[in-house]
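K.L.:
Spelled out from the first residue to the last, the chains are:
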Amino acid sequence: MTDTLVPDSTAEVQAAIGYERPETLSWDSRLRRSVTIYIPLALFVLILLFPFYWMAITAIKPDYEMYDYKTYNPFWVHSPTLHNIDVLLFQTNYPRWLMITMGIAVASTFLSVGASVLCAYAIERLRFRGAQHVGLAIYLAYLVPPSILFIPLATLIYQFGLFDNPVSLILTYPTFLVPFCTWLLIGYFKSIPYELEECALIDGASRLQILRRITLPLAVPGLISAGIFAFTLSWNEFIYALAFIQSTDKKTVPVAILTELVTGDVYQWGALMAGSLLGSVPVALIYSFFVEYYVSSMTGAVKE
Amino acid sequence: MGTTTADVGLQRLTFTRQPDSALTRLFNYKPFLVFLCMLPTIGLLIVFLTYPLGLGLWLSMTDATIGQPGEYIGLENFIYLMEDPIFWMSVTNTIFYTTVATVGKFALGLWLALLLNHHIPFKAFIRAIVLLPWIVPTVLSSIAWWWIYSPQFSIISFVVVDVLHLRDTYINFLGTPWPARWSLIVANIWRGIPFVAITLLAGLQTISPSLYEAALLDGASGWQKFRRITVPLLMPILAVALTLSVLFTFSDFQLVYAITRGGPFNTTHLMATLAFQRAIPGAQLGEGAAIAVSMIPFLIGATLLCFFGVGRRKWQQGEAND
Chain F
4 MTDTLVPDST AEVQAAIGYE RPETLSWDSR LRRSVTIYIP LALFVLILLF PFYWMAITAI
64 KPDYEMYDYK TYNPFWVHSP TLHNIDVLLF QTNYPRWLMI TMGIAVASTF LSVGASVLCA
124 YAIERLRFRG AQHVGLAIYL AYLVPPSILF IPLATLIYQF GLFDNPVSLI LTYPTFLVPF
184 CTWLLIGYFK SIPYELEECA LIDGASRLQI LRRITLPLAV PGLISAGIFA FTLSWNEFIY
244 ALAFIQSTDK KTVPVAILTE LVTGDVYQWG ALMAGSLLGS VPVALIYSFF VEYYVSSMTG
304 AVKE
Chain X
-11 MGTTTADVGL QRLTFTRQPD SALTRLFNYK PFLVFLCMLP TIGLLIVFLT YPLGLGLWLS
49 MTDATIGQPG EYIGLENFIY LMEDPIFWMS VTNTIFYTTV ATVGKFALGL WLALLLNHHI
109 PFKAFIRAIV LLPWIVPTVL SSIAWWWIYS PQFSIISFVV VDVLHLRDTY INFLGTPWPA
169 RWSLIVANIW RGIPFVAITL LAGLQTISPS LYEAALLDGA SGWQKFRRIT VPLLMPILAV
229 ALTLSVLFTF SDFQLVYAIT RGGPFNTTHL MATLAFQRAI PGAQLGEGAA IAVSMIPFLI
289 GATLLCFFGV GRRKWQQGEA ND
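Going down the list, the sequences are from chains F and X.
Per my numbering, the first sequence starts with residue 4, numbered consecutively.
Per my numbering, the second sequence starts with residue -11, numbered consecutively.
Any given hint could turn out to be false.
Computed Cβ-Cβ distance ranges for the label pairs, DEER-style [what the hints assert, rightly or not]:
id, chain 1, residue 1, chain 2, residue 2, range
1, X, ALA202, F, HIS81, 31 to 39 Å
2, X, LEU292, F, VAL109, 35 to 43 Å
3, F, THR266, X, LEU24, 46 to 54 Å
4, X, ALA95, F, GLN94, 41 to 49 Å
5, X, ASP150, F, PHE163, 53 to 61 Å
Computed far set for chain X versus chain F, every beta-carbon distance over 12 Å [stated by the list, open to error]:
id, residue
6, PHE20
7, LEU63
8, ILE83
9, PHE84
10, PRO165
11, ILE181
12, PHE253
What the hints contain is simulated information worked out from the structure, not anything from laboratory work.
The beta carbon of each residue, even a glycine, is placed where N, CA and C say it ideally should be.
The shape of chain F in the complex, shown without the other chains (with noise of 0.2 Å):
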């Protein structure tokens, strides 16, 4: 190789790689660094940001502010209220929604990654004939949408006596969340020894021991992956809650909040927003608690 390289492409190459000489950071490098990347990055967390704000803003406006952009500027709040907030809950069933979204998120978490943790043990450290095959079909079972199952399994659950009961919710939701679960369990036994489980087992565990004592203790952080993961997913369903349940006292939340509080053709836009904010704080919070277990369940399950 002659050829010499042009010191544009090297400021480039070295913006690419993430190496920043000092010599070459002169003004020309910084200015092409903040249109090529801050501006855009910029814009991106603007408007993957805006409709939240909206929200929020729009949830604590007074109705006067919420319907005149001419005197009052949209974009800020001049005399902020806990009006829509109040109204929601202490005039509607807010409240209780809420409790009843948490119980069935939380039940139906517990039974997705219990039966998980023990169909990934299985599959990945009893090494049985088929575990492969088993695996895959679980994997498959995670790509049926829940759109094409809500119809017979609304019919089913009627059968079952449990239609217009949260129990179908906790019940139905594992379908979705055992297989990403299993999946994320499975990586996750993987990255543990297999060693330390044949010590065990030479020590005289038995198998049930090696997974309570050895196994499960150093698959914790997987564990909570999974369990915020299922916990964020089944607080997000929808289609199943909406079929399967009819009585205002027992919806969930998002449910709730589309069918209950949008009423007639005059839509009560600061309780929707108040409701929509509200409802979003549970899983935001505990996502800024566990943010790194996020993201590593969510590439993990797609980089495993």
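Here the structure of chain F is known, so what remains is to put chain X in place on it, guided by the hints.
P.N.:
Showing chain X alone in chain F's frame:
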């Protein structure tokens, strides 16, 4: 119990060997243990997934309504749907929606991933913020989009008309078919970008910098490096992300149901929302099931296309064919 010296030694360890009762032996008997471990998962999946899939096929060939089991009527539901323009519109809508939204999500998501792969301040924080649209329940963020698309109080219209003076009238986002379809696609892309960006970012971070250094020494241009190093090495993870994304966009229900409910005049129905519309409020379970069943060939086709077309991926458990 033949206690050997070795056994006596083991007594001091954490795991004390208990007398081998029948139960202990049963729990150490591998086939039984496998059966026990698989039972909850397999049981749940067979009762609530495999059986309903079959039941769905059966229902699609009956005239079942809510409260009536229905009788076998062969392919009548499908023949009826063949002549139903609303069904065909939902099919083309779904294909259009999936194609455009997926292209948009992956183009913008890849761009965002490349941006986040640079050394930037507050990277972890930005990455956490960027994931928010994906974490928040779809229906709830869709309601926010519904409000953004409001005919009278849309903030987009306000900016376009009253701040930038690009138009004279407020945009009727959801009142006419094409604007409504595009509005749904934009909301879907918005929700899908984080997933694509974060998974692709994870893929980008596994690419060794030494490859780029080698390319640099060989005088490769920025585009060549992207085309010859980044893209091929990103392919496996891209294929999986694409498969999942196409699958879930195709079977999307929440977003459309929350924003337009299939309106105006049934022009924005996806197959999933139409199936719901006919089956639950319309009480025609058989017909709804037929619509849901007609999604299956598309889903299988799309999955195979993404999975094998974009990049053959080694199956996770397949250490053997690694």
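K.L.:
Would you mind marking each hint as holding or not holding in the structure?
P.N.:
Hint check results:
At roughly 59 Å, the beta carbons of ALA202(X) and HIS81(F) sit outside the given window of 31 to 39 Å. Our hint of 35 to 43 Å for LEU292(X) and VAL109(F) holds, since their Cβ atoms are close to 37 Å apart. Between THR266(F) and LEU24(X) the Cβ separation comes to about 50 Å, which falls inside the hinted range of 46 to 54 Å. Range check, ALA95(X) to GLN94(F): Cβ separation about 45 Å, and the 41 to 49 Å hint holds.
Distance hint for ASP150(X) and PHE163(F): a CB-CB separation of about 55 Å, consistent with the stated range 53 to 61 Å. Not every CB of chain F is more than 12 Å from the CB of PHE20(X) (nearest about 10 Å), against its label as outside the interface. With a least beta-carbon separation of about 17 Å from chain F, LEU63(X) lies farther than 12 Å from that chain, consistent with its non-interface assignment. Even its closest Cβ contact with chain F, about 15 Å, leaves ILE83(X) beyond 12 Å, as expected for a residue assigned away from the interface.
No Cβ of chain F approaches the Cβ of PHE84(X) within 12 Å, the least distance being about 17 Å, so the stated non-interface status holds. A cut-off of 12 Å between C-beta atoms confirms that PRO165(X) is not in contact with chain F; the least separation is 21 Å. Distance to chain F contradicts ILE181(X) as a non-interface residue, since its nearest Cβ pair spans about 7 Å, not more than 12 Å. Non-interface call for PHE253(X) relative to chain F: holds, since the shortest CB-CB distance, roughly 17 Å, exceeds 12 Å.
In summary, the structure is inconsistent with hints 1, 6 and 11 from the numbered list given earlier, while agreeing with the others.
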